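Peer 1: Use the sequences and the hints to build the structure in full.
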Amino acid sequence: MIFRLSLYISGESARSYAAIRHIQAIARSHLTDRHELEFIDVLKDPERAERAKIMATPTLVREFPGPRKKIMGEFGDHNAVIQALEIEIYN
Amino acid sequence: MPSPPDYDLSKLPSGIAGFDAIAYGGVPEGGSTLIAGTSGAGKTVFALQFLHAGATKFGQNAVFVTCEERPARLVRNVRGFGWDLERLVEEKKFAIVDLSADPQEEQVDLGTLHLTALLARIEAAVRRVDAKRVVLDSVGSLFPQFADPGMVRRELLRIISYLLDLGTTVIVTIERGENEQSIGRFGVEEYIADNVVILRNRLERETRRRTIEILKTRGTIHQRGEYPFTIDREDGLTVVPLSSTTLEQSAPDSRITSGIEMLDQMTGGGLYESSIILVSGATGTGKTLMVAEQVRAAIRSNQKILLFAAEEGREQLCRNAAAWGVDFVGAEESGLLRIESHSPEEIGLEDHLLRMKRRIAEFEPSRIAVDSLSAFERVSTPKSFREFVIGLTSYVKVKRITALFTNTTSLLMGTESVTETHISTITDSIILLRYVEINGEMRRGIMVLKMRGTWHEKAIREYLIDGTGMRILGPFTGIHGILSGVPTYTFSSEAQRLEALIPDDEV
Numbered sequence: 001m002i003f004r005l006s007l008y009i010s011g012e013s014a015r016s017y018a019a020i021r022h023i024q025a026i027a028r029s030h031l032t033d034r035h036e037l038e039f040i041d042v043l044k045d046p047e048r049a050e051r052a053k054i055m056a057t058p059t060l061v062r063e064f065p066g067p068r069k070k071i072m073g074e075f076g077d078h079n080a081v082i083q084a085l086e087i088e089i090y091n
Numbered sequence: 001m002p003s004p005p006d007y008d009l010s011k012l013p014s015g016i017a018g019f020d021a022i023a024y025g026g027v028p029e030g031g032s033t034l035i036a037g038t039s040g041a042g043k044t045v046f047a048l049q050f051l052h053a054g055a056t057k058f059g060q061n062a063v064f065v066t067c068e069e070r071p072a073r074l075v076r077n078v079r080g081f082g083w084d085l086e087r088l089v090e091e092k093k094f095a096i097v098d099l100s101a102d103p104q105e106e107q108v109d110l111g112t113l114h115l116t117a118l119l120a121r122i123e124a125a126v127r128r129v130d131a132k133r134v135v136l137d138s139v140g141s142l143f144p145q146f147a148d149p150g151m152v153r154r155e156l157l158r159i160i161s162y163l164l165d166l167g168t169t170v171i172v173t174i175e176r177g178e179n180e181q182s183i184g185r186f187g188v189e190e191y192i193a194d195n196v197v198i199l200r201n202r203l204e205r206e207t208r209r210r211t212i213e214i215l216k217t218r219g220t221i222h223q224r225g226e227y228p229f230t231i232d233r234e235d236g237l238t239v240v241p242l243s244s245t246t247l248e249q250s251a252p253d254s255r256i257t258s259g260i261e262m263l264d265q266m267t268g269g270g271l272y273e274s275s276i277i278l279v280s281g282a283t284g285t286g287k288t289l290m291v292a293e294q295v296r297a298a299i300r301s302n303q304k305i306l307l308f309a310a311e312e313g314r315e316q317l318c319r320n321a322a323a324w325g326v327d328f329v330g331a332e333e334s335g336l337l338r339i340e341s342h343s344p345e346e347i348g349l350e351d352h353l354l355r356m357k358r359r360i361a362e363f364e365p366s367r368i369a370v371d372s373l374s375a376f377e378r379v380s381t382p383k384s385f386r387e388f389v390i391g392l393t394s395y396v397k398v399k400r401i402t403a404l405f406t407n408t409t410s411l412l413m414g415t416e417s418v419t420e421t422h423i424s425t426i427t428d429s430i431i432l433l434r435y436v437e438i439n440g441e442m443r444r445g446i447m448v449l450k451m452r453g454t455w456h457e458k459a460i461r462e463y464l465i466d467g468t469g470m471r472i473l474g475p476f477t478g479i480h481g482i483l484s485g486v487p488t489y490t491f492s493s494e495a496q497r498l499e500a501l502i503p504d505d506e507v
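Sequences listed follow chains P and A, in order. Just so we're aligned: the first sequence equals residues 1 to 91 in full-length UniProt numbering. Just so we're aligned: the second sequence equals residues 1 to 507 in full-length UniProt numbering.
Honestly, the hints are just simulated from the structure, not real lab data. Note that this is a predicted model, so its numbers are computed, not measured. Don't take each hint at face value.
Quick list of in silico lysine to any residue cross-link-like pairs, SDA-like style, CA-CA up to 25 Å [as the list claims (entries may be wrong)]:
hint, chain 1, residue 1, chain 2, residue 2
1, P, LYS69, A, ARG76
2, P, LYS53, A, GLY140
3, P, LYS69, A, ASP98
4, A, LYS57, A, LEU164
5, P, LYS44, A, ARG76
6, P, LYS53, A, LYS57
7, P, LYS53, A, LEU156
8, P, LYS53, A, SER100
9, P, LYS69, A, GLY140
10, P, LYS53, A, GLU106
11, P, LYS53, A, SER141
12, P, LYS69, A, LEU164
13, P, LYS53, A, GLN104
14, P, LYS53, A, ARG87
15, P, LYS69, P, LEU37
16, P, LYS44, A, SER100
17, A, LYS57, A, THR38
18, P, LYS69, A, LYS57
Peer 2: Set out below in structure tokens:
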């Protein structure tokens, strides 16, 4: 099963880069060759954030598999993110 | 009442009738205003009316940030007020930012986050329609969506100050707990806004009473205290600005006839135009007859008269008037008379006031009559009754309308009623109708108790009611204490007593 993920960040800040690094690392190790990852900067594309109803940054959205799920906040704790993504369940 | 002073901060017209009067101009421009109220108090209507008026009347486009209600529901709910938000969105005058929680979606909060995406969305909407007015409704619904309420508070403050930097005027609504202890429930209110407005929806004497209070406006002044308001389909939210109505109405010295020749003599030449006349008497003394005489006088001088009947239906009024020789039906057909018959219990007093004002504005009468004013007292608290009377009288004064109010006293003989004490200071003339007992016989007496600005007769005269209406005879002589309800007689002889018994014009 391919995991389709969108990561919403705000601007080119240290926080944004940290979030990107964490999610890339998790995807590489736990979703090897079965993920699509997209990055959206809400400051550059607020209309996209409006459609997706994003409020907080950073927010990782699991678009597929459904139901749609938003994971907000710091992603430093990889296990928490993996748990929230429910990777084990969908395996 | 003082006239509105010069304010130091410029204000935006709110588009809410009456609010600008109590706020001395409206909502502080470029500031933030908090609207607090319990559920169902009218916060969303207030906020949307502010935006809708901005976009349609004042050339100020608007952004509505909804945290609770789904946009589709919102658009549908306000259609009843005649607000077409969809068209405004199409015309790029209005934008909605939807923050309502999606029940289909799961959400996990891992902590340490910012609401920058939210800020970016609101900013994008503001720039897209070039908005000058922004509403966040209602921010309390944001808190349950996140783990850290402190973060939400901080971010709200950041968003609001950013919006103010963009040059917009911001209204934030917040839900209040039922206990009315604090302004809001989330600890944001202390520093979130420069101005605080509280909407209340209380149960008083089994009727709902809505009031609005401006609690504070930083750096500017406003009217204090609670003011009643109504929400209805025609105008949305309307505040009844009672004490803000000034006493600067003109007082013409032209006279009009009361319809009764002798009464005109007693008042020194007739009633003043655009004055307020109170006719007070016990049941059956002929108050409705006085109203009918007013109608007769209006018809004769080709003036329009609007009659608000609170105690009798239209049919009954017409029948009684016909018995006194006044043709109500014919007058209605010719367009000189309009009868509005409504039971006071039907709707709240504020709504009655609003409806009366509307009817007066539509019909544009020279005279109005309310029969009886005291019927409205039944359904209200003394405070709201007083507000009702002040609201009505100041409106007819501004419109230069002559108004005749009747008041039913509770006791047959003598004494005054609550209504009299409440409104006697507002009226220009007071006419008393009283029962007088003389030698075991009930007779009727009329007197002009008060007539502002002119001489009037001080005597109590006897009057009769017959097929031609009211016939005023000579003064009672040899009797004291009619008003106190305990008359005493000072006849020195049998002849004098007999003379007193026989009215003047029959001698």
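Peer 1: Could you run down the list of hints and mark each one as holding or not?
Peer 2: Outcome of the hint check:
| no. | hint | result |
| --- | --- | --- |
| 1 | P:LYS69 <-> A:ARG76 | 29 Å, violated |
| 2 | P:LYS53 <-> A:GLY140 | 18 Å, holds |
| 3 | P:LYS69 <-> A:ASP98 | 18 Å, holds |
| 4 | A:LYS57 <-> A:LEU164 | 22 Å, holds |
| 5 | P:LYS44 <-> A:ARG76 | 32 Å, violated |
| 6 | P:LYS53 <-> A:LYS57 | 31 Å, violated |
| 7 | P:LYS53 <-> A:LEU156 | 17 Å, holds |
| 8 | P:LYS53 <-> A:SER100 | 9 Å, holds |
| 9 | P:LYS69 <-> A:GLY140 | 23 Å, holds |
| 10 | P:LYS53 <-> A:GLU106 | 13 Å, holds |
| 11 | P:LYS53 <-> A:SER141 | 15 Å, holds |
| 12 | P:LYS69 <-> A:LEU164 | 33 Å, violated |
| 13 | P:LYS53 <-> A:GLN104 | 13 Å, holds |
| 14 | P:LYS53 <-> A:ARG87 | 23 Å, holds |
| 15 | P:LYS69 <-> P:LEU37 | 15 Å, holds |
| 16 | P:LYS44 <-> A:SER100 | 23 Å, holds |
| 17 | A:LYS57 <-> A:THR38 | 29 Å, violated |
| 18 | P:LYS69 <-> A:LYS57 | 42 Å, violated |
The structure fails hints 1, 5, 6, 12, 17 and 18 (numbered hints given earlier, in ascending order).
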